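J.: So the sequence lines, in the order shown, correspond to chains A and B. Sequential numbering from 1 applies to the first sequence in the numbering used here. Sequential numbering from 1001 applies to the second sequence in the numbering used here.
Do not rely on the hints blindly, as some may be mistaken.
[Stated by the list, open to error] Quick list of the computed label-pair ranges, beta carbon to beta carbon:
id	chain 1	residue 1	chain 2	residue 2	range
1	B	1173	A	89	20 to 28 Å
2	A	171	B	1296	47 to 55 Å
3	A	34	B	1089	44 to 52 Å
4	A	93	B	1052	45 to 53 Å
5	B	1274	A	95	51 to 59 Å
6	A	28	B	1058	36 to 44 Å
7	A	145	B	1058	16 to 24 Å
8	A	34	B	1027	26 to 34 Å
9	B	1296	A	95	44 to 52 Å
10	B	1026	A	35	28 to 36 Å
11	B	1233	A	11	42 to 50 Å
12	A	171	B	1047	30 to 38 Å
[What the hints assert, rightly or not] SDA-like, lysine to any residue: derived pairs with alpha carbons at most 25 Å apart:
id	chain 1	residue 1	chain 2	residue 2
13	A	31	A	96
14	A	6	A	165
15	A	89	B	1170
16	B	1052	A	97
17	B	1053	A	165
[As the list claims (entries may be wrong)] Output of the computed footprint for chain A on chain B, the stretches with three or more beta carbons under 8 Å from beta carbons of chain A:
id	stretch
18	1051–1057
19	1070–1081
The hints are simulated quantities; they were obtained by calculation from the structure and are not laboratory data. Only a predicted model underlies this, so the values are computations on that prediction, with no experimental measurement involved. Just so you know, even glycine gets a beta-carbon here, dropped at the ideal spot from N, CA and C.
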Amino acid sequence: MTLTPKATLMDEQELGRALTRIAHEIVERAKGVDGLALVGIHTRGVPIAERLADLIERFEGRRPMSGKLDITLYRDDLTEIALQPVVRKTEVPFDVSGTTIVLCDDVLYTGRTARAALDALVDMGRPAVIQYAVLVDRGHRELPIRADYVGKNVPTSRAEVVKVKLREVDGEDGVQLLEHADA
Amino acid sequence: MIPGSTPVDLAATPAKARRRHLLDLEGWSREALLALFDTTDVMAQVMQRTIKKVPALQGFTVGTLFFENSTRTRLSFERAARAQSADVISFAAGGSSVSKGESLRDTLRTIDAMQADLYVVRHHAAGAPHQIANWTDAAVVNAGDGRRSHPTQALLDAYTFRERFEGFDGFEGKRLAIVGDVLHSRVARSNVSAWTTLGAEVVLCGPRTLLPAELAEQPGVTLTHRVEEAVEGAHAVMALRLQHERMASGLLPSQAEYRQRYQVNSERMRLAHPDALVMHPGPMNRDVEIEGVLADDPRSVIEAQVANGVPVRMAVLYTLLVGSR
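Chain B extracted, bound-state conformation:
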């Protein structure tokens, strides 16, 4: 007998109503996230085998629509789709008609003719994936939109913590410190959603100019301008990439001063929980937002974060696609 094969009246629910998206993490329950992590465990197992491929998504087509360049995120999604035998079509905005001034809607109309079942969308404008989800019958996964959100990054961060934190016994009572340019960071916003939903606390830390006060309105979130205060007792400390253009825009005094006041380094990590993990969503500026030796320290799980990208995205694609037809 095939387990879980409960007969369901498919005709009763229209296809569009059953279609699920991953646009933000809001609306995903704690149980849904934990179930996704369990599925990720199985996908991680597949990626450790000699034959790193299962037929689970055979016959499905995944389209990657990257209106903003990001080779590693795109490759990670494509690997996740192919490892489950889905077909992949790729669309990169550079060198396409988008650069000739075509509107998002017209671009999508053209791409939609290829009949993908799911789109992975990255766009510099916040809300673009949500807009696309309104226009297509396909499922949509947000791979980063403006400063708004980057849900799969937050999922892989939380998954990495669950996998690597010594004696992990749940997210309750755990604290994540995120240090750096929170204002411009979709990674920070999505991590706030993911970790608070999972029952952890999040402390956001950065210079006044880069720390939006409204984030403190969310339950489970606190803000501080002092890195020592953020790191103290934290179970995970995440350094955010400092973009050089922030210096030019006058939001930051100088790199040297930033480093002195906000760099995540070995000395500051002494204040953290003894088993605290060091995280970075990449790409990193060594010795700017994170001390180089700390990035290579056993407490650092930066490489695990990258490696977990594929199984987490496999689980996301699987969860959204299976049962959607």
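If we strip away everything but chain A, and leave its shape as in the complex, we get:
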């Protein structure tokens, strides 16, 4: 299974602008920073949440709360995979009850990650609101889930792969569309 690049969906500038717009939308909807928390889903949701928190701090002068969520123990496909997924630490250093939580992830696809993240969050307490921010929505939902903030909507086929790269994890910023060579 080799993947061949097909198109660049976002370059570094476009990715930066999308995050800036999402940060503005989040503050506008939340009417400020009070009780606002950005929670990134491991792996690439984590730097996205941190960057959104940085941007919001720049506009508002105050930084919203932020955290990291690992959803491995909440996945519904654990029995379908032969390789053992690595479990990472969840770090949500505040009481989630009563807060407005914006879950952050890189790509919205089937919606199963978001479903698991919702279960993980409500086990920690009772947030007032949970919203969902993604850099790319590629369609093909298998659950009734939608994002509140989307960087870019990209119609894709299931044979394609959306690869988000972020400085903190991959050393560079950008979003690429790849395709299975044998597809």
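Fit chain B to the given chain A structure using the hints.
T.: Relative to the frame of chain A, chain B by itself:
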């Protein structure tokens, strides 16, 4: 995107070949043990939350088969299974057909009809869990077999050291002293495996009659009959339970003499590394193998050992079961 969801051709590997067991620690690499400890950290986090339950093992059934009584180990495994939403079936040999003379194989055949995915086995005969692993398609975790091994106890001991030793920077260059009845101790044998695999040294100490010479053949292991020599410079000192029946069997002169020569106490701990931890696998005989005040001292991590039993066993169940179907 779901992280780590690499597609794998399941049909290519038969179920039995993919099944993993925890029978002994031999065969578990240093990397595998360290990964297990990382998973344990996450499980410990789950156990600190208000809702101490995750759905990770939903749909799996864990069977506890205890042919030798041990309430605390069984409870710890059952808690570990339920905290991950697995179902639990329990089998205790007392009051079952085992006491009516049924063979291990026939007993297992009956229990296997309940279709558990993993068995936790404790047996007085060394090798019984290994035998069971040959007979069933389920994964098997050894919860103590004869004098042979008790891998989850050693894992929780090493994990507790990793968690509690001041400024812990790896097992390399660390030394564990195990003092007491090494001969009859599966805990000692499993700790030798775990700590040497992790890169630490182990010094075993006890009376001549209770210290099997062949253990010194393993790299990283030394034997001594002098407790002062064992404790000197050690980063952790573990006292083993002295079973009263050893006295009756003539392996030991008297409890008083044992205490005088081998008790782990505050005075002897002065020879150890300044941050050395005091450990005991429990249940303890206060003021016999371990001085009572030392057991309650801040250097003692005996309570942490008990508390870490559940997250360590959660990590073991998770590691063996996930991806096994």
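J.: Please check whether the stretch 1070–1081 of chain B has three or more residues whose CB lies within less than 8 Å of a CB on chain A.
T.: n = 0 at 8 Å, threshold three: violated.
J.: Given the proposed pairing of residue 1052 of chain B with residue 97 of chain A, does the C-alpha separation stay at or below 25 Å?
T.: 17 Å, holds
J.: Within 44 to 52 Å or not, the Cβ separation of residue 1296 of chain B and residue 95 of chain A?
T.: 34 Å, violated
J.: Does residue 31 of chain A pair with residue 96 of chain A here, judged by a C-alpha cut-off of 25 Å?
T.: 18 Å, holds
J.: Need the status of pair residue 1053 of chain B, residue 165 of chain A: alpha-carbon distance at most 25 Å?
T.: Violated, at roughly 33 Å.
J.: If you count the residues of the stretch 1051–1057 of chain B with a beta-carbon closer than 8 Å to a beta-carbon of chain A, do you get 3 or more?
T.: holds (count 5)
J.: Residue 1173 of chain B and residue 89 of chain A, beta-carbon distance inside 20 to 28 Å?
T.: This hint holds: roughly 27 Å between Cβ atoms.
J.: Evaluate the given range 16 to 24 Å for the C-beta pair formed by residue 145 of chain A and residue 1058 of chain B.
T.: 20 Å, holds
J.: Does the Cβ-Cβ separation between residue 28 of chain A and residue 1058 of chain B fall within 36 to 44 Å?
T.: For residue 28 of chain A and residue 1058 of chain B the Cβ distance comes to about 39 Å; the hint holds.
J.: Okay, residue 171 of chain A versus residue 1047 of chain B on CB: inside 30 to 38 Å?
T.: Since residue 171 of chain A and residue 1047 of chain B have Cβ atoms about 36 Å apart, the given range 30 to 38 Å holds.
J.: CB of residue 1233 of chain B to CB of residue 11 of chain A, is that within 42 to 50 Å?
T.: This hint is violated: roughly 58 Å between Cβ atoms.
J.: Okay, residue 34 of chain A versus residue 1027 of chain B on CB: inside 26 to 34 Å?
T.: Given about 55 Å between the Cβ atoms, the range is violated.
The structure fails to meet hints 4, 5, 8, 9, 10, 11, 17, 19 from the earlier list, while all remaining hints are met.
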